[in-house]
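Each chain is listed here by its residues.
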Amino acid sequence: MAERSFAKEVQSLRLEAGALFEGEGILAVTKALLQSGVGYVGGYQGAPVSHLMDVLADANDILAELGVRFESSASEATAAAMLAASVNYPIRGAVTWKSTVGTNVASDALSNLASAGVIGGALIVLGEDYGEGASIMQERTHAFAMKSQMWLLDPRPNLPCIVQAVEQGFELSEASNTPVMLMMRIRACHVVGRFKVKANRRPPFTLQQAMDHPSRTFDKIILPPSTYAQERAKIEHRWPAAVKYIRDRQLNEFFPADSADVGIVMQGGLYNTVLRSLERLGLADVFGNSKIPLYVLNVTYPLIPEEFVQFAHGKRAILIVEEGQPEFIEQAASLFLRQADVQTRIAGKGPLPLAGEYTGAVVLAGVRKFLSEYGHLPEQTKPLLPAAALMSAPVATPVATPVANVPMRPSGLCTGCPERPLFASMKLVARELGPMQVSADIGCHSFATLPPFDIGGSIMGYGLGAAGGASFNMPNKRRALSMMGDGGFWHNGLTSGIGNAVFNRHDGVTIIVDNGYSAATGGQYIPSSTVEIKGRRAKNRIETAVRGVGVEWVRTIRTYDMKQTMSVLKEALQTQFIGPKIIIAEGECQLNRQRRVAPAIRKMIGAGKRVVRERFGIDADICTGDHSCVRLSGCPSLTIKTHPDPLRRDPVAHVDNSCVGCGVCGEVAHAAVLCPSFYRAEVIVNPTAWDRILHRFRAAVIRLLSGPPAKEA
Amino acid sequence: MAAAQRPITLSIAALGGQGGGVVTDWLVLAARRAGYIVQATSVPGVAQRTGATIYYLEFFAQSALGADGREPILALMPSPGDVDIVVASEWVEVGRAINRGLVTPDRTTLIASTHRDYTISEKMALGDGRANSQNILAGATAAAARLIAFDMAAIAEKSGGRISAVIFGAIAGAGVLPWTLEHFHEAIRESGIGVEPSLAAFEVGRQAALAAIGGGLATVIPAAGEAQSPAAPFSTALAAALRQRIAAQFPAELQGVLSRAAARLSDYQDAAYASLFLERVAQILALETPGRGSAQLTAVTARSLALWMSFEDVIRVAQVKTRAGRPEQIRQEVRANPGELVRVSEFVKPRVEEICATLPAGLGRFMLGSTRAKRILSCFTAGRQIPTSRIGGFALLRCIAGLRRFRRATLRFQTEQERIELWLQQIRSVAAADYALAVEIAECQNLVKGYGDTHERGWRSFSEICALAAGLAGTSKGAQQLRALREAALADDTGARLGQAIAGLKLSASV
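Keeping their order, the protein sequence lines are chains A and B.
Position 255, counted from 1, in the first sequence is what the numbering used here calls 261; the numbers after and before it change by one each time, with no gaps.
Position 142, counted from 1, in the second sequence is what the numbering used here calls 146; the numbers after and before it change by one each time, with no gaps.
Honestly, the hints are just simulated from the structure, not real lab data.
Idealized CB from N, CA, C, for every residue including glycine.
Check the hints yourself; a few may be wrong.
[What the hints assert, rightly or not] Here are some, though not all, of the chain A residues that point toward chain B, as calculated from beta-carbon distances under 8 Å:
| no. | residue |
| --- | --- |
| 1 | Thr279 |
| 2 | Gly294 |
| 3 | Leu434 |
| 4 | Glu438 |
| 5 | Gly440 |
| 6 | Tyr531 |
| 7 | Ser643 |
| 8 | Ile646 |
| 9 | Arg686 |
| 10 | Ala695 |
| 11 | Trp696 |
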């Protein structure tokens with residue numbers, strides 16, 4: 007069960023033709039796939055398309071009814087390779103992942119897919135994780151399209167356009183025998199809107215038919231001389247076919263305006279932002295009527311030279327609004343105009359910044375700069391809106407004076423997270439044995455690189471924690487450590503990290519965090535999840551896998567037991583054993599655990615059953631406000647408050663009501679010999695008669711023994 | 005091109021788990037019912053894990069559509085100068101929204117909760133690392149066209165609902181969305197989860213917003229950062245003799261702190277111990293120049309001295325944990341309902357040093373010096389959980405608390421009194437020549453806190469700094485330099501910054 011359930015929402019996938027769909031972008035994509043008669047779907051979760059995988063998983067029954075095969079792929083490479091079914095058969099396939107990281111992983115398969123070409127439409131839905139909210143290095147997917155000659159759609163960010171892009175993407179793919187990538191920015195993935203639906207279509211050619219009538223031709227195989235022919239086919243046939251389809255079907259949009267001698271070209275995904283800028287400058291209205299001609303690239307690769315020439319013709323200058331770098335579109339446009347001997351000037355990176363997200367403020371500033379340079383700023387026009395006062399103020403500067411010292415709010419581990427005691431243990435062991443070289447990985451555990459833990463010096467990619475520490479294999483007084491999550495482990499870490507360490511006799515220590523889910527991406531199931539999942543086989547043990555690739559030294563710990571965790575860590579760092587040492591750190595993702603356990607507990611309480619609820623607390627009179635406990639925990643529920651004693655000025659540590667009683671506060675207090683302020687309270691809900699008698703007796707005796715009450719008045 | 009109607013724009017900054025997504029869903033439902041086209045987006049991703057998430061919505065009235073029925077083009081992100089309503093579910097997020105330029109005086113209604121959800125950097129500071137909430141209020145007042153701010157977390161708590169429903173209510177109460185109350189209610193009902201508590205919390209949120217607009221609800225900002233703890237009123241829980249003595253011998257502005265300190269020490273030890281405190285303070289008071297106005301040195305020393313004299317030894321811990329009334333306090337703290345029972349266990353892990361410190365001074369010193377004795381004692385230092393809601397566990401701590409009458413003989417007591425005397429002596433000797441420096445030395449007590457290693461580290465920093473203090477007396481920047489050293493000691497818990505600061509000071513002295 008993923009973090010968010012779409013069980014209710016997926017019912018809208020059954021909507022009858024003509025009905026109005028209302029919902030999130032990714033759900034609309036799923037509906038569009040079904041309307042397009044897709045035959046199989048795969049992918050790997052990761053923001054901002056995690057929910058697409060969740061929707062598909064929740065929609066499995068509907069997919070099955072239509073004869074659509076859905077698979078939760080082991081990695082993006084798996085998902086990309088799955089598209090091989092469209093190489094020899096007229097079956098439409100779609101896969102999805104987070105880009106550019108997932109596209110990196112999938113590159114090998116994508117290159118081969120693009121070279122062989124497809125006869126069934128192949129669509130890759132990419133969540134472009136760029137700008138605010140992104141969790142990865144900032145790169146463009148565009149380069150992948152260019153290097154493999156796959157087509158890249160970047161539709162206007164509203165549901166009808168996105169749905170249309172899915173449908174046209176398949177057609178374009180089939181018309182040009184080329185896989186097509188559909189890129190959606192973070193906000194577009196989560197945008198809530200509406201569109202009119204069409205009926206779902208069963209795939210006209212099924213996977214069973216393909217299996218019954220296998221087909222192959224050597225010219226689809228990646229071996230010479232086919233590969234040479236394939237490269238030529240890309241240039242001589244597929245590319246021109248794509249250009250023809252894009253032109254004929256008018257995938258790119260022109261919004262003409264009579265008078266202007268300038269124009270703006272933009273990626274489709276940025277259309278709304280550009281339009282809002284023009285509207286604020288008094289040059290467009292909210293319905294898209296613009297005084298400046300616009301050329302919207304819903305397909306950003308391949309570009310259509312004739313369209314650029316046509317748009318630029320007779321204009322003094324055009325502005326290209328292209329997010330990210332390098333400025334591929336601007337470079338290509340320069341070439342097109344030069345070759346056609348069109349003298350229109352091109353502006354782009356200049357008025358607009360070279361790097362970073364093109365937010366509303368950034369685009370407004372760039373468009374304003376460009377238009378004022380060419381005398382199009384409407385000094386005399388009546389402003390459409392009060393905020394147009396901004397026209398005379400520098401846009402980049404916020405109107406108000408900034409507030410000083412606003413603390414950052416970095417991401418962190420959730421309340422009760424099982425990884426917290428692991429990192430607290432590592433911090434304490436490092437205090438004792440000295441600082442260690444730690445190679446970090448991607449997952450919730452990457453938050454350990456942030457305060458209060460500050461553990462880990464590099465992140466090389468998902469599942470690549472152990473591989474990132476591969477160099478540090480020298481005889482030394484302190485061994486190097488590497489981290490890996492269970493998600494990354496199954497994604498590739500088992501081979502790239504563990505298998506590699508066995509083969510090369512790496513003497514380091516790798517900690518595999520086994521929380522039972524792909525937790526950071528939203529709690530999707532993975533091969534080692536400990537549940538029964540319909541249609542899949544989970545419960546595959548990590549320990550069995552690592553032993554299978556030849557690891558001899560394996561220890562499994564329960565992270566919440568910090569004493570054991572610290573002792574195993576020390577053992578791994580100090581043992582005489584030479585070779586990879588694997589520590590499997592178990593503890594169920596608390597977010598998922600609460601989702602599983604909390605409703606059950608509520609039900610028990612409702613039924614009058616005895617339930618013991620645990621949580622921690624702090625005696626304010628004993629806490630001196632040093633906050634050592636926070637520096638070893640960082641739990642959201644372990645916070646601070648003003649000290650009740652006016653003599654004390656520093657805030658006192660305090661456990662708030664979100665505490666789930668995981669026990670780490672007590673473990674840390676013991677392991678680090680902190681302070682005796684912590685207490686654990688067990689609240690017995692629906693106590694039995696015996697509970698009550700015992701409690702009453704004890705309370706009476708304790709009252710007799712008690713000291714005087716606090717005297718502070 | 006007609007000067008068409010514009011969309012209403014609304015941005016929400018919420019923390020992970022506060023239900024920003026729920027508020028967004030409700031707004032979408034309410035908008036549709038009210039005949040508005042709505043577009044909502046969010047930037048969740050890793051920010052969902054305890055970070056801040058931004059939700060953004062635009063609303064456009066169906067009635068304002070043209071004859072051709074073309075739908076408006078709506079933006080996917082908030083832009084500076086283009087936001088009608090900014091909602092911040094926590095006070096520091098207000099500051100962030102202002103710094104992003106989203107709150108502008110020409111149009112923005114700012115709806116915010118004044119409660120604090122402290123960030124990790126604020127929580128992990130060795131002292132008080134809290135951001136200054138007043139700064140944010142000043143910024144909000146200047147930046148917003150209209151500010152509606154109150155403690156939404158507190159009223160959510162009181163109403164038994166969630167903060168998301170209070171926020172939704174506050175948005176309705178603010179009157180910035182031209183919809184009827186029924187539209188808001190229907191949205192909650194249509195979403196179908198926890199409807200009744202949500203409607204109740206919605207209503208209190210709406211009422212609070214109405215009160216805030218009407219001026220009937222002042223924006224109360226939590227004390228934090230540079231704000232001081234509340235001033236100490238005169239303690240009434242004090243023996244008459246002590247009370248009279250304080251009233252007779254000390255200036256009025258000190259009486260609150262002194263009476264509170266004396267009460268604390270009477271509770272900690274006995275009236276004689278509180279008298280000793282007053283004698284020590286009187287010696288400092290004698291150093292004050294009558295014309296100076298405020299007795300700053302005495303005030304600072306008194307506060308610090310009271311805390312130092314009530315050092316947290318094993319006996320004190322046991323005393324606090326066995327007070328009458330504590331079980332009831334814990335019940336409230338953990339929100340136990342009537343009829344539910346609460347069991348409490350204490351996490352204690354005394355070290356050999358703590359055990360020896362509680363022994364009579366001579367014996368304690370001997371044990372600490374003997375490897376063999378230490379080895380035997382180390383058998384008793386395992387981390388334990390003492391169940392204080394059971395008779396055995398409670399009785400054990402009660403016995404330890406009872407050692408109070410022998411405290412004066414303990415090693416810890418004697419060590420602390422020696423240290424206190426040396427510190428007071430240093431304050432007294434420096435005060436005449438460099439009053440400001442003496443104040444800074446008095447403030448240094450704040451470095452020594454905590455237990456075990458934490459306490460030892462604090463004591464090391466204190467000793468190093470005070471050793472340097474003598475050399476700084478009479479120089480023009482002595483107090484300033486000592487303050488810098490103290491702040492360096494509180495900058496990290498490894499002593500690295502303090503080491504650098506001391507090295508820097510010595511270097512500048514030798515040049």
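How the hints compare with the structure:
1. Thr279: Where the cut-off is 8 Å and the nearest Cβ of chain B is about 6 Å from Thr279 (chain A), the hint holds.
2. Gly294: With a closest approach of 5 Å, the Gly294 (chain A) hint holds.
3. Leu434: violated (11 Å)
4. Glu438: violated (12 Å)
5. Gly440: violated (13 Å)
6. Tyr531: With a closest approach of 19 Å, the Tyr531 (chain A) hint is violated.
7. Ser643: violated (11 Å)
8. Ile646: This hint holds: Ile646 (chain A) lies near chain B, its Cβ roughly 5 Å from the closest one there, short of 8 Å.
9. Arg686: Cβ of Arg686 (chain A) sits 5 Å from chain B, so the hint holds.
10. Ala695: Violated, because the Cβ-Cβ distance from Ala695 (chain A) to chain B comes to roughly 12 Å (cut-off 8 Å).
11. Trp696: violated (11 Å)
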